[in-house]
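J.: Listed here are the chains, written in short residue letters.
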Amino acid sequence: MLHFIARRFLVLLATMLAVSFVVFAALELNIEDVATHVLGQFATADQRHLWLAENGYYDPFLYRYLRWLMHFLIGDWGRSIHFKEEVTTLIPYYLKNTAMLAGISLAVMTPLALLLGVLAGMREGSALDRMISFFAIATTSIPQFASAVFLSGIFVFWLHLLPGASPMTSGFAWRELVMPVLVLVLAGTGYLTRMTRASMVEVMSSAYVRTARMKGNSFARVVLRHALRNAMVTPVTVVMLYIPWLLANVVVVEVFFAYRGFGTLLYTASLQHDVFLIEGCTMVAVVAVVSTQLFSDLAYVWLNPRVTFDAPSEKTAGAAA
Amino acid sequence: MKGEALSPLLRVRDLSVALPQGADRRFAVEGASFDLAGGEILCVVGESGSGKSVLSSTIMGAAPAGLRVLSGSILFRGNDIVRMGEAKLRRLRGNQIAMVFQEPMAALNPAVKVGEQIEEVFTLHSRLVPRERRQRVRALLADTRLADPDRIAKSYPHQLSGGQCQRVVIAMALAMQPALLIADEPTSALDVTTQAQVLKLMRELRDEHGHAVLFITHDFGVVAEVADRVAVMQAGRIVEIGDKRAVLDAPRHPYTQKLIAAVPRAEPRPSSALRPDAEPSLEIVHLAKTYRVGGQKVTALKDASFALDKGRTLGIVGESGSGKSTLARVAIRLTAADRGSVRVAAVDLAKLGGKALARARRKMQMIFQDPYGSLNPRHSIGSILTRAGKLGGKPGSAARESAIELLHLVGLKPEAFARKPHEFSGGQRQRIGIARALAMNPEVVFADECVSALDVSVQKQVLRLIADLQARLDLTLVFITHDLRVAAQVSDFIAVMRQGEIVEFGAAEEVLKRPHHPYTRELIAAAPGRDWTPPALETLET
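Protein chains in written order, with this note's numbering: chain A, 1 to 321; chain B, 1 to 542.
Check the hints yourself; a few may be wrong.
Claimed, not checked - Incomplete in silico selection of chain A near chain B, CB under 7 Å:
no., residue
1, His-82
2, Lys-84
3, Arg-175
4, Ala-207
5, Thr-211
6, Gly-216
7, Ala-220
8, His-226
9, Leu-228
10, Arg-229
These are computed hints drawn from the structure, not numbers from a lab. What you are looking at is a predicted structure, and each value in this text was computed from that prediction instead of being measured. Every residue, glycine too, gets a C-beta built ideally from N, C-alpha and C.
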């Protein structure tokens, strides 16, 4: 178990290292660009040259990368050009807001999707199954910018129940959180429901569910005692993958509702060519993605006794000849 | 309760189960009537699709989805199961009627310890307190001759072998001492030695507890081993029912006669005269393969050596995991060997590479077990065979011609050329698989369990076709099978494998009649129904 986690941790580090290199190369390989972005379009060539020389940009690329990495490791992530603030003070604040938005969405979405998926999958082809499946496919198919407009139309402009923007300028407000959460839940629930349903259908047609029935179990008991845990393996693994999904999808929702979160930050940074902020945001995103992968693997092992931590049973019959 | 003493435990009368519209026949079970008395074992035997499994689940009050009981009655202790409500059925299931299934591993919940799965039966049907329940579970596991029942009870299904799992399933079924046990192909997924043990166990438990057994099987060897009475099903009807001896030794219905005639004889075929001039077609020298699973080394093949003359058949027999398939895979270099060499027609494959290897490899072809999975569903039979012919080195038009010829050779109509695999039955697909192997014009053909997925009557036809083609084309054949009867029928030589090792090799007659190695003896002793020799019947050819 410890061995497993340690190994995954090393993979995590290697991934981050690789990504950091790509990010750095993409943003800072062309030093003229960096100077333009930092000093603005109206700086003269001399000014740029001076700035580049001052900041060690004429050093060899690899050396610059390593120096950047060292600074990154000790927490010196540079200063945001647009916000005029340290990147390390900016990111936590915005990330915290997004974590709240994503966390609440996930907390609403997961039980809802699991419940719907189980209900649909326990009797394949029933009216309930078809209804839920239709709902799932329909909601997944609607892009978020469309559902955001649509839902705003109903709840904000027609019913006047909720505010149309969520900047939270005067402190935290629950009411402002409802719309973004609603849009995210609507977009994400369908897929997880379908996953759960498929998994449940498979389990319900398995031999051991039949055995359980033939033991004299009631249908409800078969579902609760025998089917549920086995059917949860796949969806729970998928839930973990929703964290990176949310990180990517909050961009649309946050920008639409003017919510001050990680998505808005990344969006603004990209628009403003805010080099150091983009670098910081990307690295944070990588950590989030890779570490949720680790948690997802752990959950899989925990739910499925057939998988153990230490023996990756790779039955690779060497296809090479 | 006078009626109960008179009427048998189970009385099925005129039972018909309708198939959904659009099926290939109207009834899954049609007009079935039979009685089953306490303590009796009735074997229901039939080929796939004969309705025997539908019959068994209908008796449990759980006809498969889409099927419904049209008429008739199933009286269990005088109560009609067909007209019973779900709540009442639940009290019966696992309590008075219990079931044992085909795939023991799959029949157990993978996420629950097996002890708890057995315990659940007591939770459902008794008022025992937890401590008593656990004691009973332990006693049941010991009853099914499982060593170390405490450890077994705490295990998950995947930690047990197939045989152990089936014992657990049997223990679970017998928990409440049911009056009727329904066993649906309970040993078909097990190895032959395990099967022998489980069959013995089922007979002994019947003797101890006196429950009736409805035993569904397709295997006449198993029937001969366990049955008191036999019912033969064909296309949903019970065509013959009677005492075991009567049905097995003097079948009256033509279908029963046909089935029994198709059962391969355990007699080895007389070995044809050796040709002194014959050159070895296939030589395997010190072949070895080790897999690494997790941190452990698994020896799949240990130093296998043999030579096989042109036109001869070697039967490789052994249980699952004995390395027989690995031997074939390594021989044709689907998997690289660790050590050893393979010579085909005196050419050493290990010394070849690139194109020369590709060419030489075509000299060895494989017929696979699963006739469904081994044909590309998107290609027509014609294109499958033509492509194989082209790979075998023929130009396009010649490949096409030979494809049509091959269809004829394996007994398919020329119309098959344009059709896709899904339009054919299992037996026909296996013929196509054979034709494809032959299209490359091979020297050696490996047949890996190529008839084990087929019904006995189809199996007989395919075996005959293979023998016929072999004689005509002078093919060298390596025939891998777990079934000693089949091996006896087709082989000149037999190699017995166990744990990656060839433990005995010799002429078929020698090995089967005068086995030297104790394991060979054990295998032969375990073959079900070996005391029964199918009667010589004059049947209409199919």
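J.: Against each hint, give a clear statement of whether it holds in the structure.
T.: Here is how each hint holds up against the structure:
1. Restraint check, His-82/A versus chain B: the minimum CB separation of about 52 Å is more than 7 Å; hint violated.
2. At a threshold of 7 Å, the smallest CB-CB gap from Lys-84/A to chain B is about 55 Å, leaving the interface hint violated.
3. Hint on Arg-175/A is violated. Least Cβ distance to chain B is approximately 43 Å, over the 7 Å limit.
4. Taking 7 Å as the C-beta cut-off, the interface hint given for Ala-207/A holds, the closest approach to chain B being about 4 Å.
5. Among the interface hints, the one on Thr-211/A holds; its C-beta lies about 5 Å from the nearest C-beta in chain B, closer than the 7 Å criterion.
6. Hint on Gly-216/A holds. Least Cβ distance to chain B is approximately 4 Å, under the 7 Å limit.
7. Because the closest C-beta pair between Ala-220/A and chain B is about 11 Å apart, greater than 7 Å, the hint is violated.
8. A distance limit of 7 Å between C-beta atoms decides the matter here; for His-226/A the minimum to chain B is near 5 Å, and the interface restraint holds.
9. At its closest, the beta carbon of Leu-228/A sits 10 Å from a beta carbon of chain B; the interface hint therefore is violated under the 7 Å criterion.
10. Of the supplied interface hints, the one on Arg-229/A holds, with its beta-carbon coming within about 5 Å of a beta-carbon of chain B, less than 7 Å.
Hints 1, 2, 3, 7 and 9 from the list above are not met by this structure, while the remaining hints are.
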